[in-house]
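Listed here are the chains, written in short residue letters.
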Amino acid sequence: MTSSTSNHDLFENLRLELRRGSLVLAVLAALRKEQYGYTLRKTLGEQGMAIDEGTLYPLLRRLESQGLLISEWREEEKRNKRFYRLSTEGKVILKQLLAEWQSINSSLNGML
Amino acid sequence: MELLERYLRAVKFFLPRRQQDDILRELSENILSQMEDQAAELGRPLNENEQAAILKQHGHPFVVASRFRNTPVQYLIGPVVFPFYWFVLKILFWIGVGVCALNSIALLSSGEPVRQLLYGLLGFTHVALPVFGWVTFVFAAHDFFQAKFHLVDKLNQRWDPRSLPAIATPPQKVRRSESIFGLIGGTVYIAWLLAVPYHPYLIFGPAASALRLAPEWHRFYLPVVVLAIAGLAQAVINLVRPEWTWLPPVTRLVSNVAVLVILRSILRSVLKANSYDFVLVADSAGGARYETVAHIANIAIVCTLASVALGLSIAVIIQALQCLKEIWQWIRRRGNPLPSRVS
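Those protein sequences? They're chains G and V, same order as listed. FYI, this note's numbering numbers position 6 of the first sequence as 6, with every residue one higher than the one before it. FYI, this note's numbering numbers position 162 of the second sequence as 162, with every residue one higher than the one before it.
What the hints contain is simulated information worked out from the structure, not anything from laboratory work. Hints may contain errors.
[Stated by the list, open to error] Mimicking DSSO-like on lysine-lysine, the simulated pairs with C-alpha atoms at most 30 Å apart in a straight line are: (1) G:Lys91 - G:Lys33; (2) G:Lys33 - G:Lys78; (3) V:Lys154 - V:Lys90; (4) V:Lys12 - G:Lys42; (5) G:Lys42 - G:Lys91; (6) G:Lys42 - G:Lys78; (7) V:Lys56 - G:Lys78; (8) G:Lys42 - V:Lys56; (9) V:Lys12 - V:Lys173; (10) V:Lys90 - V:Lys148; (11) G:Lys95 - G:Lys42; (12) G:Lys78 - V:Lys12.
Since we're looking at a predicted model, the values are computed, not measured.
In isolation and in its complexed conformation, chain G is listed as follows (with noise of 0.2 Å):
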């Protein structure tokens, strides 16, 4: 393995932790408005935020489980789709998140 492809993977593997972290922040904004799975992943990749399948459609039943989105199941376009929205207590977390992000984000720029 080369000297440049070991960083290339570092980095590579640094980016994805860092966005992991944004990326429960990301859909919780993005489900403010009601959204089912596949349309949700479109709208986040169009605003920069892409994220696989994989990781996105468990991560939509976990914020479910943890009572932060509600999911219902309704038709449309002649199929029967299960959209997501925030819940009462997500957007209370949301907006908490928000301000943490908002404080890391400012802490950063201070240091850079």
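Dock chain V against chain G, hints included.
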């Protein structure tokens, strides 16, 4: 969409039974939406390769299902306990290797060394695998209860930095008192050893008139005296050269290895002859009473010798490591006379 159905069926196999239908329904809808989206972009239905590419993007059925599993503990031994588990396994492994190595060295003198050596190695795996299994079981159980009752959190709350063990500084010299004690103890021991053949009372006490040592012991008498003299010599040398801290562990190691060789020879002759007459009834005495006493004494001696041999085998391994450490520290001290300190 036959490929999608096959894919979903494969995912279903790995999913928890209660959630299978719900997860598959949602997954199926999301994949179908993606396929329809792509078909609309292309203006035609997707061919099999294009469908396969989308499914491949989602991942192997096993991987996809594993991401939906919401089990809190997916490991047998967690990261908190794992270093201790690994440490214990390594210690046991090296003890096993050491015992096996000693055994192999001893077997070299037997009639069929290669065959005995192979038996020894097979024996090691027979013992090592169950030991590995039991250690893993114990640590896995510990980890389970530790997670269930939050034992680490409780320990962390009660922990006090002042309870940490003090840093042990390696001794720069063998203590004078230790050498004097060794000198006195060694002298008494040698005196006792030299007196025993003329005064059986020193071994048998009041039964000395009725019991005597078997001739077997005469073979080992001289080596035992030599070992005792070696111990005494070490105490004398360390009295003059207290900075030779490597000498006591090296002497202990050499003595214990020699004792092991003697014990092995004794136990081998016991097994070979299938009798254990270490103590005999004296010619002047007679009667069933003394025969019984001698019989009990012989059984006790065999059991003691076997236990000592086992204990010494383990001790020799530990002492060998200690010796290496002592010699290493002694060499370092010679290169740098100032004691190293933690800054």
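Outcome of the hint check:
{"no.": "1", "hint": "G:Lys91 - G:Lys33", "in the structure": "holds, 12 Å"}
{"no.": "2", "hint": "G:Lys33 - G:Lys78", "in the structure": "holds, 21 Å"}
{"no.": "3", "hint": "V:Lys154 - V:Lys90", "in the structure": "holds, 28 Å"}
{"no.": "4", "hint": "V:Lys12 - G:Lys42", "in the structure": "holds, 25 Å"}
{"no.": "5", "hint": "G:Lys42 - G:Lys91", "in the structure": "holds, 22 Å"}
{"no.": "6", "hint": "G:Lys42 - G:Lys78", "in the structure": "holds, 20 Å"}
{"no.": "7", "hint": "V:Lys56 - G:Lys78", "in the structure": "holds, 27 Å"}
{"no.": "8", "hint": "G:Lys42 - V:Lys56", "in the structure": "holds, 18 Å"}
{"no.": "9", "hint": "V:Lys12 - V:Lys173", "in the structure": "violated, 71 Å"}
{"no.": "10", "hint": "V:Lys90 - V:Lys148", "in the structure": "holds, 27 Å"}
{"no.": "11", "hint": "G:Lys95 - G:Lys42", "in the structure": "holds, 24 Å"}
{"no.": "12", "hint": "G:Lys78 - V:Lys12", "in the structure": "holds, 25 Å"}
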